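Q: Dock chain B against chain A, hints included.
Chains as they are written, first to last, in my numbering: chain A, 1 to 421; chain B, 1 to 421.
No wet-lab data here; the hints were simulated from the structure. Be aware that a few hints might be false.
Which copy is meant is left open, so a pair is good if it fits within one copy or across any two.
The calculated SDA-like cross-link candidates involving lysine to any residue, where the alpha carbons are at most 25 Å apart (straight line), are [claimed, not checked]:
1) Lys61 with Glu45
2) Lys86 with Gly32
3) Lys199 with Phe375
4) Lys61 with Ala125
5) Lys61 with Thr121
6) Lys86 with Val50
7) Lys373 with Glu262
8) Lys199 with Tyr403
9) Lys61 with Val29
10) Lys126 with His62
11) Lys61 with Arg17
12) Lys199 with Ala401
13) Lys317 with Gly288
14) Lys61 with Ser85
15) Lys86 with Asn51
16) Lys61 with Asn23
17) Lys86 with Arg54
Since this is a predicted model, take the numbers as computed values, not measurements.
2 protein chains.
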Amino acid sequence: MRLVMKFGGTSVADIERMHNVANHIAREVAAGHEVAVVVSAMAGETNRLVNLTRRAQITDKHEYDVVVAAGEQVSIGLLAGILQSKGIAARSWLGWQVAVHTSDAHSAARIRSIDAGRLQTELAAKRVAIVAGFQGVSGGVSGGVSGEDEAMRVSTLGRGGSDTSAVALAAALAADRCDIYTDVDGVYTTDPNMVPQAKRLAQISYEEMLEMASLGARVLHTRSVELAMAHHVPLLVRSSFASPAEDDIIGTLICDEDDIMEHEIVSGIAYAQNEAKITLLGVDDKPGIAARIFGPLAQGHVNVDMIVQNISPDSKKTDITFTVSQDELTRALEVIKAHEKDLGIGSVNTAENMAKVSIIGVGMRSHAGVAQKMFDELGAENINIHVISTSEIKVSVLIDADYAELAVRRLHAAYGLDAPA
Amino acid sequence: MRLVMKFGGTSVADIERMHNVANHIAREVAAGHEVAVVVSAMAGETNRLVNLTRRAQITDKHEYDVVVAAGEQVSIGLLAGILQSKGIAARSWLGWQVAVHTSDAHSAARIRSIDAGRLQTELAAKRVAIVAGFQGVSGGVSGGVSGEDEAMRVSTLGRGGSDTSAVALAAALAADRCDIYTDVDGVYTTDPNMVPQAKRLAQISYEEMLEMASLGARVLHTRSVELAMAHHVPLLVRSSFASPAEDDIIGTLICDEDDIMEHEIVSGIAYAQNEAKITLLGVDDKPGIAARIFGPLAQGHVNVDMIVQNISPDSKKTDITFTVSQDELTRALEVIKAHEKDLGIGSVNTAENMAKVSIIGVGMRSHAGVAQKMFDELGAENINIHVISTSEIKVSVLIDADYAELAVRRLHAAYGLDAPA
Chain A
1 MRLVMKFGGT
11 SVADIERMHN
21 VANHIAREVA
31 AGHEVAVVVS
41 AMAGETNRLV
51 NLTRRAQITD
61 KHEYDVVVAA
71 GEQVSIGLLA
81 GILQSKGIAA
91 RSWLGWQVAV
101 HTSDAHSAAR
111 IRSIDAGRLQ
121 TELAAKRVAI
131 VAGFQGVSGG
141 VSGGVSGEDE
151 AMRVSTLGRG
161 GSDTSAVALA
171 AALAADRCDI
181 YTDVDGVYTT
191 DPNMVPQAKR
201 LAQISYEEML
211 EMASLGARVL
221 HTRSVELAMA
231 HHVPLLVRSS
241 FASPAEDDII
251 GTLICDEDDI
261 MEHEIVSGIA
271 YAQNEAKITL
281 LGVDDKPGIA
291 ARIFGPLAQG
301 HVNVDMIVQN
311 ISPDSKKTDI
321 TFTVSQDELT
331 RALEVIKAHE
341 KDLGIGSVNT
351 AENMAKVSII
361 GVGMRSHAGV
371 AQKMFDELGA
381 ENINIHVIST
391 SEIKVSVLID
401 ADYAELAVRR
411 LHAAYGLDAP
421 A
Chain B
1 MRLVMKFGGT
11 SVADIERMHN
21 VANHIAREVA
31 AGHEVAVVVS
41 AMAGETNRLV
51 NLTRRAQITD
61 KHEYDVVVAA
71 GEQVSIGLLA
81 GILQSKGIAA
91 RSWLGWQVAV
101 HTSDAHSAAR
111 IRSIDAGRLQ
121 TELAAKRVAI
131 VAGFQGVSGG
141 VSGGVSGEDE
151 AMRVSTLGRG
161 GSDTSAVALA
171 AALAADRCDI
181 YTDVDGVYTT
191 DPNMVPQAKR
201 LAQISYEEML
211 EMASLGARVL
221 HTRSVELAMA
231 HHVPLLVRSS
241 FASPAEDDII
251 GTLICDEDDI
261 MEHEIVSGIA
271 YAQNEAKITL
281 LGVDDKPGIA
291 ARIFGPLAQG
301 HVNVDMIVQN
311 ISPDSKKTDI
321 TFTVSQDELT
331 RALEVIKAHE
341 KDLGIGSVNT
351 AENMAKVSII
361 GVGMRSHAGV
371 AQKMFDELGA
381 ENINIHVIST
391 SEIKVSVLID
401 ADYAELAVRR
411 LHAAYGLDAP
421 A
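With the rest of the complex left out, here is chain A:
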């Protein structure tokens, strides 16, 4: 089997933890697998480097990338050295050595392609490739008038980009699986801090995982899940703090929907607190009005989530309700105030301290009455629903934040997600 293993900053925070990581790798090598490893910078190191660029007031993203990419360079060298000391053949690979080609959007670059040739040779020779996460190179395309390569510059993928590095590498190497080692042992049906009965999911589809992102259990970067989905790379989320000797796979496998034998109707309950609701009353009911409202909000960097428009056929006015994060409420209201007359807004209502609760599951597609059950359960608890929004595999409701915990617990039990006592 060919494996990509990814370890984040807390997993390689010091030499002792790197030894633990090396033992995880040693287990997979001993099992006869071909192994490539993607590593983040040691915990705290990227922050230190970013701080230096701030104090130096660096504005050139190219130079920012040169500075912050140094963190991964240190961790890959150390980890390769530690593996060698355990008698395991290994070498470090920087972004330009692989090479990982990215876009020119320095500090938030996107991976365009990965030259897999050299690493293929390494893996075939049973040498572990320790690859720097988060970094690549822009430029470097052959051709042009001079026939010379365009100069390659160090680029980075933005914070948390190591997950994306790992998935992209797994796709390029046609790896059988990409194991993401993290500080939790998998993806849960809901936040275990809120619901002690929450269970670890053995499997979950990419689509569900993407909807779960708002769960607050930010186990994986959305971008890396999207990339895994596009390239059909099975992702295994597992704990780096578990004993490396343990080779039973404990974790959550994120994979194609078709690879999951039996679907629960609802796989998990997500929630987001600190939401605010804005209602624009008496808005001119004209074509294009939504675009004229939400355009300025987007330009003002306000993230709008749920949107509901009440259609009133008997009037030339309509009401539009939407939600934003509570942090962005003031900014949103400023933007609206600036466009108030222009948009013919009658008045504005706001409500704070709201929470969004969502049920997520691909099984919903083939089952009727799933949403109705949700409304019934909340009604039975006398919880008022302010806004409803639905997608193919998710139903979200906006409720008073005070009832969020009660709602999540009730729904978790109602959809049969509670772990056996």
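A: This is chain B only, laid out in the frame that chain A set:
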């Protein structure tokens, strides 16, 4: 004019000092010069990284180099960003980007060649090139059966290698001068801490500078001076702490002997304390005996300095005297003891607390009586000479350490080196 400017770790120890460095660079750019800059890691950073490799018990020099080269990556990015913030076009260059090709002797690699093409273009476009010192790449030679490049690995030149990087870059770019910014404002006729009358030399030849290395004023790495001599790169040693507004060149120019108009007979007085003398009495006087004594000492990593052999034509025995650093005396005696019978050594005398005092000057070549004057001056102070050794441009004597300061002061005055009162 085309300039290479080199700044060491203390000059870029923090963001504030980097601003000072940027002002030095800005002055040269404003003067219309083409400027390439070589920078070390921020003070303390290389030590921190080396410590990490020790704690990780890294033995692979390739991985050691990957880790320690990260320090320069941070400083070039920061300095390039700071220059940009002052409105000066600049970009950073890593070893592999230039590229600086080195030997495979990782952690102590030697520069083989530097591709100057890209930097030439940069300089012609009046963009300051900020180049990482101390690092390069091994491998990367085109050809071979596959037609593919051999993989390039990050290499480092060993501690203090940034001076060598700067001189090699100046040679590759055919720079008019290489300015080495340091924490002293030049090379002095002798240690100013010992002799307050010591003067800064305006000029000194490469040969003299190499002999001065033992002065304890370790201003420049020997290797970089040798390289500058081989490629005729004029080196200017100057202070990075001087006001960057000051554009009068205050410093010491190290250049070809022929470029110095008027030579002093003696340019400087060097001294080395903590020397020990070893005399082997009654050694078999046979061909090859010296090699048989000093071979084992070299293998035992004992650095032998002055060597004197008394030829005694009337006997089959001879006496051999040599000096070593006091730190290495015990080790040297252990080596000798192990080979005592083998070499037919009669007995061994040792003397500690010795000092070596040297007069240095290319003018000696054309002037007679320079050494005699030295012996006369020391004799007048009743200073006993234990060993004498001479080269074309240096006369060294071994004396009791107690008289070292007196000897240096007397000789400094006698050869007319004292600054006017």
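Q: Now tell me, hint by hint, if it's right for this structure.
A: Against the structure, the hints:
In this assembly of identical chains, the alpha carbons of Lys61 and Glu45 lie at most 25 Å apart whether taken from the same copy (18 Å) or from different copies (23 Å). For a Cα distance limit of 25 Å, the shortest separation of Lys86 from Gly32 inside one copy, 16 Å, qualifies, whereas the shortest one across copies, 56 Å, does not. Within a single copy, Lys199 and Phe375 get their C-alpha atoms as close as 23 Å, which meets the 25 Å cut-off; across copies the closest is 91 Å, which misses it. Proximity of Lys61 and Ala125 under a CA criterion of 25 Å is satisfied inter-copy only: 21 Å between copies versus 37 Å inside one chain copy.
Taking the shortest Cα distances, Lys61 and Thr121 sit within 25 Å of each other only across copies (22 Å), while inside one copy they are farther apart (33 Å). For a Cα distance limit of 25 Å, the shortest separation of Lys86 from Val50 across copies, 20 Å, qualifies, whereas the shortest one inside one copy, 33 Å, does not. Taking identical chains as interchangeable, the C-alpha atoms of Lys373 and Glu262 lie at most 25 Å apart only when both belong to the same chain, with a minimum of 21 Å there against 101 Å between chains. In this assembly of identical chains, the alpha carbons of Lys199 and Tyr403 lie at most 25 Å apart only when taken from the same copy (22 Å versus 83 Å across copies).
Within a single copy, Lys61 and Val29 get their C-alpha atoms only as close as 38 Å, which misses the 25 Å cut-off; across copies the closest is 23 Å, which meets it. In this homomeric assembly, Lys126 and His62 come within 25 Å of each other (Cα to Cα) only across copies, at 18 Å, whereas the closest approach inside a single copy is 35 Å. Proximity of Lys61 to Arg17 under the C-alpha cut-off of 25 Å is restricted to the inter-copy arrangement: shortest distance 22 Å between copies versus 32 Å within a copy. Taking the shortest Cα distances, Lys199 and Ala401 sit within 25 Å of each other inside one copy (24 Å), while across copies they are farther apart (78 Å).
Proximity of Lys317 to Gly288 under the C-alpha cut-off of 25 Å is restricted to the intra-copy arrangement: shortest distance 14 Å within a copy versus 110 Å between copies. For the identical chains of this complex, Lys61 and Ser85 are inter-copy neighbours only, at 13 Å across copies versus 37 Å inside a copy, given an alpha-carbon limit of 25 Å. In this homomeric assembly, Lys86 and Asn51 come within 25 Å of each other (Cα to Cα) only across copies, at 20 Å, whereas the closest approach inside a single copy is 35 Å. In this homomeric assembly, Lys61 and Asn23 come within 25 Å of each other (Cα to Cα) only across copies, at 22 Å, whereas the closest approach inside a single copy is 37 Å.
Proximity of Lys86 and Arg54 under a CA criterion of 25 Å is satisfied inter-copy only: 15 Å between copies versus 39 Å inside one chain copy.
No hint from the list above goes unmet by this structure.
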